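As a plain string of letters, each chain reads:
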Amino acid sequence: LSVVTLQFAESSSGGISSLGINLQGFIFQLITFVIVLLIIWKYVLPKIVATIEARRTTLEESLSQARATEEALAAAEAKAAELMTQARADADEAMAEAKKQAENVIAEAEKTAQERAARIIAEAEEHLDQERQNLHSQLRGELAGLVAAATEKVLHRKLDAKQDSSLIEQSIKELA
Amino acid sequence: MAKLSRRQLARYAADKLSSGESAKSLAAQLAAVMIESKKADQIELLASDIAWELEQRQLASNAEVVSAHPLTAELRKQVRIFIKKATKADEVILQERLEPSLIGGLRIETADKSWDKSVRAALTEIREAF
Numbered sequence: 001l002s003v004v005t006l007q008f009a010e011s012s013s014g015g016i017s018s019l020g021i022n023l024q025g026f027i028f029q030l031i032t033f034v035i036v037l038l039i040i041w042k043y044v045l046p047k048i049v050a051t052i053e054a055r056r057t058t059l060e061e062s063l064s065q066a067r068a069t070e071e072a073l074a075a076a077e078a079k080a081a082e083l084m085t086q087a088r089a090d091a092d093e094a095m096a097e098a099k100k101q102a103e104n105v106i107a108e109a110e111k112t113a114q115e116r117a118a119r120i121i122a123e124a125e126e127h128l129d130q131e132r133q134n135l136h137s138q139l140r141g142e143l144a145g146l147v148a149a150a151t152e153k154v155l156h157r158k159l160d161a162k163q164d165s166s167l168i169e170q171s172i173k174e175l176a
Numbered sequence: 001m002a003k004l005s006r007r008q009l010a011r012y013a014a015d016k017l018s019s020g021e022s023a024k025s026l027a028a029q030l031a032a033v034m035i036e037s038k039k040a041d042q043i044e045l046l047a048s049d050i051a052w053e054l055e056q057r058q059l060a061s062n063a064e065v066v067s068a069h070p071l072t073a074e075l076r077k078q079v080r081i082f083i084k085k086a087t088k089a090d091e092v093i094l095q096e097r098l099e100p101s102l103i104g105g106l107r108i109e110t111a112d113k114s115w116d117k118s119v120r121a122a123l124t125e126i127r128e129a130f
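Those protein sequences? They're chains A and B, same order as listed. Read left to right, the first sequence gives residues 1 to 176 (the numbering used here). Read left to right, the second sequence gives residues 1 to 130 (the numbering used here).
Take the hints with a grain of salt, since some may be wrong.
Claimed, not checked - Quick list of the computed label-pair ranges, beta carbon to beta carbon:
hint : chain 1 : residue 1 : chain 2 : residue 2 : range
1    : A       : Val154    : B       : Ser22     : 27 to 33 Å
2    : B       : Ser19     : A       : Glu152    : 25 to 31 Å
3    : A       : His156    : B       : Ser19     : 26 to 32 Å
4    : B       : Lys84     : A       : Lys162    : 24 to 30 Å
5    : A       : Lys162    : B       : Ala121    : 29 to 35 Å
6    : B       : Ala47     : A       : Ser166    : 18 to 24 Å
7    : A       : Ser137    : B       : Ser37     : 27 to 33 Å
8    : A       : Gln170    : B       : Leu4      : 20 to 26 Å
9    : B       : Lys85     : A       : Ser166    : 48 to 54 Å
10   : B       : Ser37     : A       : Ser166    : 37 to 43 Å
11   : B       : Ala47     : A       : Val147    : 38 to 44 Å
12   : B       : Lys113    : A       : His156    : 26 to 32 Å
13   : B       : Lys113    : A       : Gln133    : 44 to 50 Å
14   : B       : Glu91     : A       : Gln133    : 26 to 32 Å
Hints listed in this document are in silico derivations from the structure and should not be mistaken for laboratory results. Remember, predicted model here, so these are calculated numbers, not experimental data. All C-beta atoms in this analysis are idealised placements derived from N, C-alpha and C, irrespective of residue type, glycine included.
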């Protein structure tokens, strides 16, 4: 390349020199530039490109992670919202169930209380009835005792041997 | 000598009486047996057992008639007929006893049966019924 450039420079030195440009210096600078360019191209640029690429990859990964995180966050929020909704539904259901159970318990308690009250009243009535019957029986017994005692006294006084004979005769007829 | 029970003695006595043995000599024999077997305190029970045996065999009925007033001859006859008919016994022995607390009526007790038609019993029945 340098040889070609020198040949070109020699062949055209008249034109460029007329423009006030040092051809050799220009060529030297051009060669230096090319060398530097080659060095940069060969050794620096790949590293820069690699670094940039790495950076880009990192950024893409970060962005991807960020997106994934965002998506995960969104999903988590959606899940949380769903869970909240479900939890509210469960809570509402539990409340309704608890209310229903409480109503059942109250109704059962009322029923039990009513039954117990009815039983107590029935027992009391039965007890009173029993007491009344006992009293009635006792009074009847006392009355019968009084009647029997009065009858006994009257018969003791009134029943003489003749009347007793008649009574005995009747008794024997009844027995026979 | 094997020990005889009171029931066996009663059966023996009933057998002897039905065969015409004297009651007096039989009573002496039984008393001796009871004393011998140290059962002298059961002589009254033995007499009851003999009366029961005699009544069961329809030989004799020993009846106690309790009343508040003495029985007339006519009533005594009616009572005797009734007991004879009720126990089907050939002979009826009446033992009368007065008990004023009966007030009226009569009570008859044989070895196996009893009837209470006294006023006292009627009043007791009324009391119990109420």
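For each hint, the structure was consulted:
1. Under the hint 27 to 33 Å, the C-beta atoms of valine 154/A and serine 22/B, about 51 Å apart, miss the expected range.
2. Range check, serine 19/B to glutamate 152/A: about 50 Å between beta-carbon atoms, so the 25 to 31 Å window is missed.
3. Distance hint check for histidine 156/A and serine 19/B: the Cβ-Cβ separation is about 49 Å, which falls outside the suggested range of 26 to 32 Å.
4. Checked against the hint of 24 to 30 Å, the C-beta distance between lysine 84/B and lysine 162/A comes to roughly 26 Å, which is consistent with it.
5. Our hint of 29 to 35 Å for lysine 162/A and alanine 121/B is violated, since their Cβ atoms are close to 21 Å apart.
6. Between alanine 47/B and serine 166/A the CB atoms are about 34 Å apart, so this pair departs from the stated range of 18 to 24 Å.
7. With their beta carbons about 53 Å apart, serine 137/A and serine 37/B fall outside the hinted range of 27 to 33 Å.
8. Taking the beta carbon of each, glutamine 170/A and leucine 4/B are about 46 Å apart, not inside 20 to 26 Å as hinted.
9. A hinted range of 48 to 54 Å for the beta carbons of lysine 85/B and serine 166/A is inconsistent with their spacing of about 21 Å.
10. Judged by the Cβ atoms, the range 37 to 43 Å given for serine 37/B and serine 166/A is violated: they are separated by roughly 50 Å.
11. Under the hint 38 to 44 Å, the C-beta atoms of alanine 47/B and valine 147/A, about 41 Å apart, fit the expected range.
12. Judged by the Cβ atoms, the range 26 to 32 Å given for lysine 113/B and histidine 156/A holds: they are separated by roughly 29 Å.
13. For the pair lysine 113/B and glutamine 133/A, the beta carbons lie near 38 Å from each other, so the given range of 44 to 50 Å is not met.
14. In this structure, glutamate 91/B and glutamine 133/A break the distance hint of 26 to 32 Å, their C-beta atoms being roughly 53 Å apart.
The structure fails to meet hints 1, 2, 3, 5, 6, 7, 8, 9, 10, 13, 14 from the earlier list, while all remaining hints are met.
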